Amino acid sequence: MSHASLSPAVDHPTPTTTQAAAPPAELSLEERLALVNAAMTARLDEAAVAYEVNTAHIPTEPVDLADVVTVPLTPTLQPPPASYPTPVAALLQRAHHRLLTGGWCSGALVDEDGARCMLGAIRAEARGDRGLEASAASLLLDAIRREFGDDVDSVPSFNDAHGSARVPLRMVDQAAILADARGL
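Going by my numbering, the letters in the sequence shown line up with residues 6 to 189, in that order.
These are computed hints drawn from the structure, not numbers from a lab. Predicted model, so just to flag it, every value in this text is computed and none were measured. Think of the CB as a built atom: it goes at the ideal place given N, C-alpha and C, for glycine as much as any other residue. Hints may be right or wrong, so weigh each one.
To be verified - Distance ranges between label pairs, derived from CB positions:
{"no.": "1", "residue 1": "118", "residue 2": "69", "range": "33 to 39 Å"}
{"no.": "2", "residue 1": "112", "residue 2": "150", "range": "18 to 24 Å"}
{"no.": "3", "residue 1": "53", "residue 2": "159", "range": "53 to 59 Å"}
Generate the whole structure from the sequences, applying the supplied hints.
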């Protein structure tokens, strides 16, 4: 018996010629973004399912919103801080407090809801003292120009240029601090 007859016949693959694959067409940016979007959506969906499966065993109880809201629904008004000892600074401080508590508006000295602009708050707190009112308005304009430049024409134009009370309130407060520092 020959050795060759004991081994099984093995077919050896014959080399074949393969045709070179055509180079892939370059994808546009939109096509690449669409592919990435589809892949990410599939991954996010898979992660969402995994999260649901992994947390299904955790017991939860419904939350009553009455237990969550613990602050009063109407704000409580804080008393004004101790008044500055100088008249202009005290007036500006009262005007600032009035804007905080009574509301701020633009386009009018006082709106239909009783909110006031910067000058309207100063006028109300001056209680008819035109000299004190003029000094406070002048100092407020000075404080505004120190921060925003000499292009600001007047307190009313500055007030009306803002859509919210944040900057006007801050400027009235800074003017009160400036008046106190100047002894006015």
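We went through each hint and held it up to the structure:
1. 118 x 69: 33 to 39 Å: Once the Cβ atoms are compared, 34 Å apart, the range 33 to 39 Å for residue 69 and residue 118 holds.
2. 112 x 150: 18 to 24 Å: Distance hint for residue 112, residue 150 holds at roughly 22 Å.
3. 53 x 159: 53 to 59 Å: Between residue 53 and residue 159, where Cβ atoms are some 58 Å apart, the hint holds.
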